Each structure stands twice: as C-alpha cells, then as structure tokens.
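Could you slot chains D and B onto chain G? The hints should help.
First to last, the protein sequences are chains G, D and B.
Offset between the first sequence (1-based) and the numbering used here: plus 599.
Offset between the second sequence (1-based) and the numbering used here: plus 30.
Offset between the third sequence (1-based) and the numbering used here: plus 1.
There's no promise every hint is true.
Said to hold, decoys possible - Stretch-level coverage of chain G by chain B, calculated; a stretch enters the list once three of its residues show a Cβ under 8 Å from a Cβ in chain B:
no., region
1, 741-749
2, 791-804
3, 821-832
Calculated from the structure, these hints are not laboratory results.
Nothing here was measured: the structure is a model prediction, and the numbers come from that model.
Even glycine gets a Cβ: it sits at the ideal position worked out from N, Cα and C.
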Amino acid sequence: MKGLAVDARGVFAKLNPAHSDGVIALAGNPNTGKSTVFNGLTGLNQHTGNWPGKTVVLAKGNYRYKSKLITLVDLPGTYSLLANSADEQVARDFICFGKPDATVVVVDATCLERNLNLALQVMEMTPKVILCVNLIDEAKRKKIEIDCPKLAELLGVPVVPTAAREKVGLDKLKEAIHQMVFAHQQTRPRPVRYNQEIEAAVAKIQPELEPYLRGKIDARWVALRLLDGDTTIITEIKKYLRVENVEKAPREQGELKVVKCYK
Amino acid sequence: MGDPEMTLACLPIGHRAQVVKVGAEGLTRNRLLDLGLVPSTVVEAVRKSPAGDPVAYKIRGAIIALRSEESRLVTVRPLA
Amino acid sequence: MGPVRDLIVAAIYDQARQIADQVVRRRGAEHDIDWKIDGIVTSKVFGYPLMLGLLGFIFWLTISGANYPSQLLSNLLFGFQDRLTAVCQWLNVPAWLHGVLVLGLYRGLAWVVSVMLPPMAIFFPLFTFLEDLGYLPRVAFNLDRLFKRAGAHGKQVLTMCMGFGCNAAGVTACRIIESPRERLIAVLTNNFVPCNGRFPLLITMSMVMLGAWAGHANSISAALCVAGAVVLGVLVTLFVSWFLSQTLLKGVPSTFTLELPAYRWPKIGTLLIRSVLDRTLFVLFRAVVVAAPAGALIWILANVHIGESSIIGHLGGRLQGFGHLLGLDGYIILAFLLGLPANELVIPILIMSYLSEGVMLELDSLEALRSLLVANGWTWLTALNMILFSLLHFPCGTTLLTIRKETQSTKWTLLAALLPTGVAIVVCFLVAQVVRLFGLV
Chain G
600 MKGLAVDARG VFAKLNPAHS DGVIALAGNP NTGKSTVFNG LTGLNQHTGN WPGKTVVLAK
660 GNYRYKSKLI TLVDLPGTYS LLANSADEQV ARDFICFGKP DATVVVVDAT CLERNLNLAL
720 QVMEMTPKVI LCVNLIDEAK RKKIEIDCPK LAELLGVPVV PTAAREKVGL DKLKEAIHQM
780 VFAHQQTRPR PVRYNQEIEA AVAKIQPELE PYLRGKIDAR WVALRLLDGD TTIITEIKKY
840 LRVENVEKAP REQGELKVVK CYK
Chain D
31 MGDPEMTLAC LPIGHRAQVV KVGAEGLTRN RLLDLGLVPS TVVEAVRKSP AGDPVAYKIR
91 GAIIALRSEE SRLVTVRPLA
Chain B
2 MGPVRDLIVA AIYDQARQIA DQVVRRRGAE HDIDWKIDGI VTSKVFGYPL MLGLLGFIFW
62 LTISGANYPS QLLSNLLFGF QDRLTAVCQW LNVPAWLHGV LVLGLYRGLA WVVSVMLPPM
122 AIFFPLFTFL EDLGYLPRVA FNLDRLFKRA GAHGKQVLTM CMGFGCNAAG VTACRIIESP
182 RERLIAVLTN NFVPCNGRFP LLITMSMVML GAWAGHANSI SAALCVAGAV VLGVLVTLFV
242 SWFLSQTLLK GVPSTFTLEL PAYRWPKIGT LLIRSVLDRT LFVLFRAVVV AAPAGALIWI
302 LANVHIGESS IIGHLGGRLQ GFGHLLGLDG YIILAFLLGL PANELVIPIL IMSYLSEGVM
362 LELDSLEALR SLLVANGWTW LTALNMILFS LLHFPCGTTL LTIRKETQST KWTLLAALLP
422 TGVAIVVCFL VAQVVRLFGL V
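Bound-form chain G, shown alone (with noise of 0.2 Å):
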C-alpha cells in the first residue's frame, strides 16, 4: 500500500536512468483516472483509489515503446496549474522547469469542460501538450459523444481517447508519445485569448521578458503570471535561470528541485 508505493518511489528517483531516452508528464484533474493511465502504460504498481488529491508524492515508471525508454512522471493531480496549493505548485514547476520532452494532459470525457481548463493552462505553458480523453467508456455509457478529431482541430494538439481501465487507446497514446517526442510532431496550441487590457500589458512586457528567458520558459506565460502578481513564479525562474547558468543540466535541476519540495 502506500508504504510501499513511496518506497518504490524512492527506489525509482535512485534508479532513474539518467540515459531515458524521453521524460512525460502525466496532469490531470483529480478523478480522471489518471492514475490509472500510468499503471497501465508502465505497469508499475501504484495505488489508484476514487477520491480526490491521492497521489501526494511523484510517482515514476517507466516503459518501452520502439525500443525507446520512456519515463513517466505522475503529477499530482490538480484543477489548475496557477500555484495555490504546493499540490499545484510542484505539478506547474515540473512542466515549467523539468522541462519534460512532452506533457500529456489526462481530461474526463464525462466531464469535458472542467478538464479543458487545466488543459489549456498546461498549452499556454508548452506546445508539447498531448490530450488524453480518458473514461471514454463511462461517458458512452452516460450517453456523452466527443468528436475528438474536432477538438484536436479546435485545440491545436494531438488527442487521444481512451479507457484506460479496459486497456483501450493506450497503445494509440504511446503511439502519439512517441511520435511527439522522436518524430518532432509540431503543434499549434490555440492560445485563450484575453481581453483588451490584458493584451495589451501582455504586449508590453512580453518583449522585455524575452531576453531574460532566452526561450527557456514562454515569455506570454510569465508576462501573464506577472499580471496576476504570482510572485512565487519569479523567484522560481530567478532561481531555474541562475542554476542553468551554472550548469547545462536543466532537466535534472528542474527535477531536483522538484524532488526537494517533498524532503
């Protein structure tokens, strides 16, 4: 049980090939069976109970896809990604300074409009965003239709339905993991739109930011942080920016860091 689930844990930050040819996250609402995503793509062992905000800790696994190793990260799962619980925090850090080769957001098919928000959060940060319409059983049962083709369309982003409880799709997803990551697929993530006012500050500063990133985080992200005065986002990038000066190791640095909050 969970003893034993963080335990394994533990052993796979140890283990965790430095040499794994791609890192994935995994986001999602609470309850959308994301948990149930991972064991079925790794097949590692992991609690998955129905009640919100379980998966506390970071879980990894890893699996095989075209003789690629990838390894998972199971984010906690969260409504948004706008930092007001550490829950929240350390899934935006993960995607924001972990610098995963692709993110792959799990929605509830049942649920659609709740989910797209966290969705779209994750696409303002990274255009590697991969949408997984999971529970698509539960929904035919409930009489809900999604046209998924259209809402890739609408969202820019490769989608994938599944029901990943019946083993259904995942092979499809992996597929679409793998051609995100090793073929360099390009997205075209549709950015929400604001109002005037905020357009226009976003205009303004975005210009100005962009030196400072120099393409490591999106500049139209943090302007948009920096408008809603989440100050925990600047001394996060002070911090990301100076350790990536130091050294070229982003990706174990944004894992560290994210690690750390836990200890």
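Frame of chain G; chains D and B shown alone:
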C-alpha cells in the same frame, strides 16, 4: 434580470443560479475561482449533507461540496 | 491578487466551455444514476445508518469469513511445528536453540500469519471496493459537519479511512490537507483509527469478552463490538481534534472543497490482485519481518531465568501495580510496550509471557486461549480494557517514524506518542475504577 442577488449559501436545493461575484480574498478566492466559480457560471445546489452543511453544488459538470463559510462569499443571481 | 486573476481564470474557463460546446453531444438524462445513489447515501434518514451498517457489515463479513480459514491455517502451521520439533530431536539440536527457533521464532510467525492473513484477505478487498467505488468522499461529505465543529478538516475522514489499513499510510495521506494546522491535527489523531494490525486483537478480545462473560459470542455480536470500538475511536478523534484546535493548534478552519466524483464500478479482478498484492501481502510481510525476530527475543526473555522468575516475569511483576490500576495486568502493559515495533505482536507476546509462567497449553482454539486468560486472572473488564487500550494507546514504531518524517519535528512526534497514551491511561483507569466501584467484576 430584476432578480434579487443572494449568496450561494442561501440558494435552495434544486435551484440554479448564475455567479455574480466572488467576495472572498486571497487563497480562498483563488480556490473558488479555480473550481470554476467565475462570474456568469451557472451553479446548481444539488444536495445537503445529513447535518445540513456542507452543501454539494454542481459546478461546470462536477459535484463539489462547499462549507457555508465559503458559499457565503459567493454572490449569485437565481435563475428561474 | 486583483481582478486580473479573475479575468484570466474566467477567460480560460470561457474558452473551455466554448470548445466543449462544439465537441460534446449529450443524449443522456440530466440526472443520472449517481444522482439517485447520492440521494440515498447522503440523505438525512439513511446517511448515517447506512455508514454504520456498512461498517458493521464489513466487520461481520471479515470476522465470520475469517473464522474457518484461520482455524485451518492455525492447524496447518502448528501441526508443522511438531514436525520441526521432530526434526530438531532427530538432529540432536540443543533444547535452547530449538526453543529460540521453533517455540520462539516459528511460533510467533505461525501465530501472526494464521491470525492476520484471513481477516486481511477479506477486509482489504472489501475496503478497496468501497474506496474505488467512490464511497469514501461521501463519508467525508456526511461527517464534515462534525469535523468542522471540532476545528478540523473534512478530508481528515479520508486520511482516517487510510488508517484502517495502516496508520503509517494514514499519516502519509494527511498531505492531502493543505492547511498545516489541520494536517497536524489529522496526523496526531490518526492513531485512534484501529489499523489492520490491531483488528485481530479487537476481534479476539471481543470474542473472549462476549463469550466468557456475556454468555454468547458469535460473529454478529463480535462485529457489533468491533464496530462499536471504531465508533468510539471516531468520537475520541473528534474530541481530541477539538481539544487540539482549542489549545495547541488554535486557528480558523481553512477552505474546504471536496469533489464528489462519479461512482465507478471497480474491476473486481484488478481490485483483488491489487488489494492482495499491494496491501495484504505487504502488511503481512512487514508483520512477519518484525514478528519472527521479536518472537525469538520474547522466547529468550520468557525462558532466561534470573533467580525464581524469568526476565518477563520480573518485568511483568514490576508493572503489575500500574497494570492493575488500569484494569489490566503487568504482562499486558509489558506486551504493549514490547509490541511497539508492530501492534500485531501484542497478543503473541502476551501469550508467551503467560505460558512462560508454566501453564502449557495447545493454543489452537479460542476456547483454549480463553482458558489460559482466565487462568491468569482475567475478567471481562480485562478484555474490555485491553480493547480500549489497544484502540487508544501510542502508535506503532513505523507510524511514529512516519510522523517524524512528515512533521520534521521530534516535539510533535513525541506528542503523537504521549497524547494517545495519556488518553488510553485515563480512559482505562476510569473504566476500571467505575466497574470495581460498582462491584461489577
């Protein structure tokens, strides 16, 4: 649109209302916003817990329970 | 943070809705089956009775279902002990070595496996079923009012549910509570939920108490007894939480939001495999790792004599006066102290201490256990206070280490050990005095 405004805590079970504003501050405010309680969101009071509090609301497709301390901070306009 | 945050959040949600409107088609009814189920499980009339009923039903299934396999395992394992003894004799193994290995180590192991495995193998899948189904958030929803009154967080209920399996896991689960104040309350009180290591003791003691002194012991009355103990544990949790929030951990309740997720019918196959592998075998393995060496150690303590009596005899004698005040005896106190590494060990240690005093019994049935206890001066009060003490006393070593890790503080860890122990001593003392005052034993 001449309906009187009230707090979400006063919304009777089974009734729907539209969020007018969130009066909370700081962390609580952000929490409520993140749950989707932004102006113009339609909220339905679904059921009370056996002790009368918290109350479960349907907010953008999910059922979320709020204590009266929080729901009191949300101003809504009841819908017919 | 000002109105900008509002505008940003609203714009994102707005876009989410626009997209969803274009790709989602609903043909289902407005209110689905979940809505109807919730109408029952959270209703004024059925909400609480259903929770209590479910609790009692799970214990009944566990107790009555575990009875026969426990017997079978016990016969099997203790039968094998005779074989081991025969092998030892054939190999001319010295008596002390045979004692340590077979009568100590093996016996401790056999006891833990036969007593713990069957109830766990039934309880864990049942509990995991409720967990995966999505029932637990409803329990939190139903009970939140009480926890709010106690100045605690509604999600504390979820951490308590984890505590049923293992308090160390329960303490780790307290991370889901954001506010440090409420998280500490949850950490410090998690121990009042009887973990799996204490269930066998609660069940055995209920059977002993009801059978010998109330005249009838069956799985229904024992289940009621255990459920009663759990309800008492919840009440004590509420009381101590309230006490803490009035004194050491003053403060205002933080934001409480709880999602009531859709019910999902668990996949029974996966559920069985997972609850057996992840939980049952893990907990059993931990118990065995601790039980085997502890069994050997206790045998040595029970069989090395200083003067007239064994070491255990001396220690037990020292604690006798204190034990008696609490309606227990010196050996019981000693068993709880020596059982610090794992609660599972308390009964085996106790039995070994009693046996070391010369009464040799085949402990293959509840009846035999009962005779042994009566021969050592037990009354129903002893069994009752044993239940109370086990329910309320200090957390096991693993849990304390976890608390240390989670709170990063020796002070709070110490409090986590002393506070419940204090409660246990006060409650047992009062019960013992009242019962004796009225001459009920």
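We went through each hint and held it up to the structure:
Beta-carbon proximity to chain B at under 8 Å applies to 8 residues in the region 741-749 of chain G; the threshold of 3 is reached and the given coverage holds. Here's how the region 791-804 of chain G fares: 5 of its residues keep a CB closer than 8 Å to some CB of chain B, so the rule of at least three is met and the hint holds. Counting residues of the region 821-832 of chain G whose CB lies closer than 8 Å to any CB of chain B gives 5, which reaches the minimum of 3, so the coverage claim holds.
In the structure shown, no violation is registered for any of the earlier numbered hints.
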